[in-house]
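Now for the letters of each chain:
2 protein chains.
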Amino acid sequence: MAHWFRRRARRIEAPRLRPRSEDLATPRLDLHEFTPPVGEFLGRAAYVQLMLFENLSRAVSTAPTTAAKAAIGRAAEISIAKHRALADEITRSGGTVAEAMEPYTAAVDEFERTTRGADWFETLLGCYLTSGFLEDFFARLAVGLPAGERERVAAIFASADEEPLLAEQLRLAIADNARLASRLAMWGRRLVGDTMLVARSALGLDHGGSSAEHRAEPVFTELIAAHTRRMDALGLTA
Amino acid sequence: MAHWFRRRARRIEAPRLRPRSEDLATPRLDLHEFTPPVGEFLGRAAYVQLMLFENLSRAVSTAPTTAAKAAIGRAAEISIAKHRALADEITRSGGTVAEAMEPYTAAVDEFERTTRGADWFETLLGCYLTSGFLEDFFARLAVGLPAGERERVAAIFASADEEPLLAEQLRLAIADNARLASRLAMWGRRLVGDTMLVARSALGLDHGGSSAEHRAEPVFTELIAAHTRRMDALGLTA
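Residue numbers (full-length UniProt numbering), protein chains in the order written: chain X, 1 to 238; chain E, 1 to 238.
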């Protein structure tokens, strides 16, 4: 799996060479052909968002300073509000929140276990990178939902953003400790592989090489380019 | 300290004998003579609320079922929103959130450590009882704040309530496991003593027997009566 990811990572370096303005001008690709039925989409997205919140709340509890605790507390609030908004959509569509999430708990919990950082810094980088990647992914996947649902889900993911709060805390930590940068760069590279698997699984892409995989590839190229920008924003090499 | 509390607990059993309707009709006592300056009030209340949220988020992470996780996630959202609203008041009054909270972190963290439950059920009972007691306490203590601040803080504590969500999960757990009730009853009795110490410390009542302590006593009587009702609501003996 790591090999698969490294091969892919080499193939998709091209976007980094384009100027950022061109990146932004390119029509954003979406995943509408892969969008599952509403109940599946919401159940999975809601549980992933709950896991992202749990990771953030762990970063609140273990924060080394009161200032970091307060800042990450704000990010945790944003994250749980997104989960609850997705949960409300499940209820609105006639589902039960726990039942809708249940089929996805085992895989998402396993992801959480394997990407739990060794300390607060790794936990926080994990929150920053996986929230960024997965919220971006589900926002794109939502494009194929029925109208109404689609707009409401888009609004949830377009609402307040945890990212700047987390980036600031990470930049402060890295500025304070030069040796942290290389350790976090390595951790970030490991995380992106595991995070992509969560996204691939949501698309039903469990085996490489299918034609569906080829059609999804441009979106993964963009998601990885966004990941690279997140790493760049901390001065880390992706 | 435990002795002090047991003596007090015996002295204040009277309210349990009054019918609930009379309890509700009694004018609610407040603590205005003990209210500290705004900065102190907000710093302590905001950090206590952040600790209550952290405990709830731990209960989310360790919840035994997806349904419990979802329900407690909602309670955690309510709790962190109260913390953030208190933090916003610190900013509005010209303070810095982290600096305002800093003087209270050591004592509150120590409370959190000594009241961490042995498992999910004890953690959840702790969230239910300590959130109920301390939010009730800070709402009463806010009565002595300057107008404006007083109304805004009252609105924060009068907003959505975690209590019914937590009570429901606890009732389900107890119904499912008869032996849990006696263990939780014991844990609840231990928690209330430690929780009262947090409140006493906020009033500057570190030594027993002062005249200030006598003036504060009716409020503690009411806070303990409310605690007893919370235990009753689960079928537990306080």
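Note that these hints are calculated values from the structure, not bench results. Remember, it's a predicted structure, so these values are computed and weren't measured experimentally. Glycine residues also receive a C-beta, built at the ideal position from the N, C-alpha and C atoms. Treat each hint with caution, since some may be false.
Label-pair ranges, simulated between beta-carbon atoms [stated by the list, open to error]:
{"id": "1", "chain 1": "E", "residue 1": "Ala155", "chain 2": "X", "residue 2": "Arg113", "range": "20 to 30 Å"}
{"id": "2", "chain 1": "E", "residue 1": "Thr91", "chain 2": "X", "residue 2": "Ser182", "range": "35 to 45 Å"}
{"id": "3", "chain 1": "X", "residue 1": "Asp176", "chain 2": "E", "residue 2": "Thr65", "range": "37 to 47 Å"}
{"id": "4", "chain 1": "X", "residue 1": "Gly235", "chain 2": "E", "residue 2": "Met186", "range": "31 to 41 Å"}
Among chain E residues calculated to face chain X with C-beta under 7 Å, some are [stated by the list, open to error]:
{"id": "5", "residue": "Leu50"}
{"id": "6", "residue": "Ser61"}
{"id": "7", "residue": "Thr62"}
{"id": "8", "residue": "Ala67"}
{"id": "9", "residue": "Ala70"}
{"id": "10", "residue": "Arg92"}
{"id": "11", "residue": "Ser93"}
{"id": "12", "residue": "Val97"}
{"id": "13", "residue": "Asp176"}
{"id": "14", "residue": "His214"}
Tested hints:
1. For Ala155 of chain E and Arg113 of chain X, the hinted distance range of 20 to 30 Å is not satisfied, since their beta carbons lie about 41 Å from each other.
2. At roughly 36 Å, the beta carbons of Thr91 of chain E and Ser182 of chain X sit within the given window of 35 to 45 Å.
3. Separation of Asp176 of chain X from Thr65 of chain E is about 41 Å and conforms to the stated range, judged on CB atoms against 37 to 47 Å.
4. Roughly 53 Å separates the CB atoms of Gly235 of chain X and Met186 of chain E, a value that falls outside the hinted 31 to 41 Å.
5. For Leu50 of chain E, the suggested interface contact is upheld, since its CB lies about 6 Å from the closest CB of chain X, less than 7 Å.
6. Proximity of Ser61 of chain E to chain X holds as hinted, the smallest CB-CB distance being about 5 Å (cut-off 7 Å).
7. Among the interface hints, the one on Thr62 of chain E is violated; its C-beta lies about 10 Å from the nearest C-beta in chain X, farther than the 7 Å criterion.
8. Satisfaction of the interface hint for Ala67 of chain E is found here, the shortest Cβ-Cβ separation to chain X being roughly 4 Å, below the 7 Å cut-off.
9. With its C-beta approaching chain X no nearer than about 5 Å, Ala70 of chain E sits inside the 7 Å limit, and its interface hint holds.
10. Of the supplied interface hints, the one on Arg92 of chain E is violated, with its beta-carbon coming no nearer than about 15 Å to a beta-carbon of chain X, more than 7 Å.
11. A distance limit of 7 Å between C-beta atoms decides the matter here; for Ser93 of chain E the minimum to chain X is near 15 Å, and the interface restraint is violated.
12. Annotation: interface hint on Val97 of chain E holds; nearest CB of chain X at approximately 5 Å, less than 7 Å.
13. With its C-beta approaching chain X no nearer than about 16 Å, Asp176 of chain E sits outside the 7 Å limit, and its interface hint is violated.
14. Annotation: His214 of chain E was flagged as interfacial toward chain X, and the flag is violated, the nearest CB pair being 35 Å apart, outside 7 Å.
Checked against the numbered hints given earlier, the structure breaks hints 1, 4, 7, 10, 11, 13 and 14 and satisfies all the rest.
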